[in-house]
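Sequences listed follow chains A and B, in order. Mind the numbering: the first sequence is residues 1 to 172 in this note's numbering, read in order. Mind the numbering: the second sequence is residues 173 to 763 in this note's numbering, read in order.
Worth double-checking, as some hints may not be accurate.
To be verified - Which stretches of chain A does chain B cover? Using the computed rule of at least three CB atoms under 8 Å from a CB of chain B, they are:
hint: 1; segment: 18-28
hint: 2; segment: 72-79
hint: 3; segment: 138-149
Honestly, the hints are just simulated from the structure, not real lab data. Please read these numbers as outputs of a predicted model, since none were measured by experiment. Positions of the beta carbon are idealized from the N, C-alpha and C atoms, including for glycine.
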Amino acid sequence: MRIARINTSENTIKGDEQDLSLLDPIIARHKGKKGNLIPLLQGAQELYGFISKAAFDKLSRETGIPLSDMFGVATFYAQFRLSPVGKNIIKVCHGTACHVQNAIEITESLEEMLKVKDGETTEDRFFTLESVACLGCCSLAPVMMIGDQTYGKLTGNEAVKIVKNIRLAAEN
Amino acid sequence: MATTVTVGLGSCGIAAGANKTYDKIKAIKESDKLDFHLKKTSCVGMCYREPLVEITDETGTYLYGEVDADRAVEVIEKHIHQQDPIRDYIVYTDLFDAPENDFIGAQVKIVLRNCGYMDPESIEEYESREGYQAIKRIAEEKISREVVIDTVLKSGLRGRGGGGFPTGLKWKFANANKSAEKYVICNADEGDPGAFMDRSVLEGDPHSILEGMIIAAYAIEATGGVIYCRAEYPLAIKRLNIAIRQAHEKGYLGKNIFGIAGFNLDIYIKEGAGAFVCGEETALIASIEGERGMPRKRPPFPAVSGLWRKPTNINNVETFANIPWIIINGAEAYARYGTEKSKGTKVFALAGKVRHSGLVEVPMGMTIRDVIFKLGGGIKNNKRFKAVQMGGPSGGCIPEFLSDTIVDYDSVNATGAIMGSGGMVVMDESTCMVDVAKFFLDFTCKESCGKCTFCRMGTKRMLEILDRITNGHGKEGDLEKLEELAYQIKDNSLCGLGQTAPNPVLTTIRYFRDEYEAHISHKKCPAKVCRPLLTYKVDEEKCTGCMVCLKNCPVKAITGERKKTHIINQETCTKCGVCFSKCKFESILLS
């Protein structure tokens with residue numbers, strides 16, 4: 001069930017370093033409009049990469065939408081994150097076409113290389129590894145997406161090589 | 173006629189490196205001061221040959237396949253400079269036999285009529301291809317709402333999102349409910365894993381969807397329009413936004429549009445936030461209203477009480493893309509294609525173990541075998557065709573022996589699968605059907621909104637049983653329990669997600685019972701997919717003694733010395749499969 005994704009670990013929902021005033025234009029744009037809750041949350045996430053407790057508080061205070069409603073919606077949709085993410089999000093596709101062409105090998109190879117589990121972020125906050133349902137590039141299966149770039153027809157080793165190269169490129 | 177070079181820049185093309193190809197051609201064009209039009213288009217459907225470059229000159233049209241940046245240099249040099257097309261790289265042309273002539277020739281393109289043939293970011297190009305002619309004709313000839321609805325009804329068009337409800341009838345209901353405020357919604361929340369036809373239309377021909385929505389709005393007197401599009405399709409959203417802006421500039425959206433007094437319409441995009449259940453129309457409406465996307469009880473149907481409790485008409489992307497064509501060419505022209513109860517064409521997304529994965533549009537009534545073997549080119553690596561999965565998580569697996577089933581709503585339903593949105597994932601002998609069933613159930617279990625107990629808990633219980641079976645702990649009676657749960661979930665769920673969630677399990681039990689039994693009674697996975705049921709052994713002839721497997725084995729189950737055959741200790745082996753994926757000499761055997 002969808003609610004199973006709730007991340008309640010308190011220390012990941014800190015937002016003290018965030019500049020919350022950035023939220024003001026978003027609140028101004030959507031305040032009082034019907035159906036505004038999802039765009040508000042999407043706006044906040046776009047700013048910070050995730051929605052912190054402080055951001056929730058501010059949004060709720062200034063729009064009058066109860067916190068419980070906000071949290072209910074945020075935990076329902078896969079898009080919303082309640083904890084910080086890495087600089088690069090690796091989305092490994094686990095759609096049907098990728099699944100039957102061994103997408104699991106890609107996730108496992110990357111888990112081993114990055115020393116994180118699916119859904120986690122590396123300690124240096126450089127990579128977040130995620131499984132997604134379908135990226136819609138089924139003809140290139142198995143596929144992963146890092147940033148805006150899609151990589152197709154992968155094997156576990158190739159995926160590892162690509163991720164290593166991204167880290168190398170950033171270090172140089 | 174000037175020469176035109178067109179690069180396919182759909183998501184799949186871009187993923188295959190088409191942007192680099194485009195940049196390269198642009199650079200050559202500028203540095204060599206070449207005189208040709210360089211254009212962008214979207215997906216042509218031939219995803220397995222991406223990146224694609226089409227050159228049209230006075231002699232004809234040539235489609236080049238697999239054009240990476242290096243090959244682009246070669247193609248421009250030969251074809252443009254020396255006027256000498258490179259036959260080996262040409263995949264399709266009307267001038268001579270090319271490898272993919274059949275792929276294009278066997279299709280009937282109505283929905284995809286513009287995809288891959290025009291620049292999706294240009295309203296002028298859409299207009300030059302009969303774009304906005306349908307709504308203009310309605311305005312000029314003062315065709316009444318009732319006649320428009322009647323035309324759609326007579327065309328026999330049925331909802332392409334999967335439900336298959338007659339579109340004309342839906343419009344009729346929405347029209348019958350009078351209200352000062354009404355809505356038309358385009359469902360572009362394509363969530364089925366393995367389906368990408370809506371994405372291609374959104375990216376390749378956004379104006380045709382807008383025009384379809386404008387016509388629907390006219391027919392039911394809608395005052396507002398919403399496109400609910402997955403956030404996972406950034407390119408589609410970008411191009412839709414461009415299209416909406418252009419339509420506003422031309423006065424095709426706004427007030428008194430097309431000179432029809434009192435016909436006011438604005439369309440905006442609502443980005444979905446990643447919930448499969450939002451493809452269900454009442455959940456989609458809840459999501460637009462900013463709530464958790466949970467389905468509502470029907471009746472009242474959206475045609476009576478939909479968005480903001482006003483009469484609402486929801487159609488899928490592909491359905492809308494059909495509408496302008498039907499208005500221009502007439503209901504009879506459309507109904508000429510297809511079978512008695514399923515008219516017109518259907519777009520399928522071919523993927524999986526098929527040679528030609530991509531998008532195809534075929535008349536209803538073609539056999540599944542023809543789609544997979546004639547258009548799809550058969551199975552990759554000459555393996556044996558085992559089954560095709562249709563309809564995503566709500567659908568089922570159609571086995572090889574039923575592949576002469578024709579594609580129309582009723583015939584596909586009779587197999588236990590559903591037409592769905594049109595994903596066809598092809599499976600070969602190396603696909604384990606129990607694993608596939610588990611895959612889909614895992615998906616629906618996670619995506620269940622949690623409202624109905626049977627869907628929430630039942631899918632979980634079924635998944636536990638399947639987990640047990642694939643882990644080698646299957647018990648006598650498990651299949652019966654699965655079936656019992658399946659029917660309870662089907663009968664006691666409010667929306668389509670729960671009502672269809674057990675389909676993948678039911679169809680695989682129906683057609684591949686022996687495979688389930690092999691897992692349960694003999695603890696074997698015939699397709700060699702379920703790892704806990706496999707034994708890993710070293711092939712003594714192939715093993716070079718490189719020690720890679722030995723070093724990587726997490727439980728130190730492998731012993732051996734350099735340049736000597738290694739041995740896997742079966743007692744310690746946890747069957748994680750690391751040695752198999754690490755071995756460079758294919759010397760780990762599965763049995």
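Check your understanding: So which hints don't hold here, by number, going up?
Key -> 1
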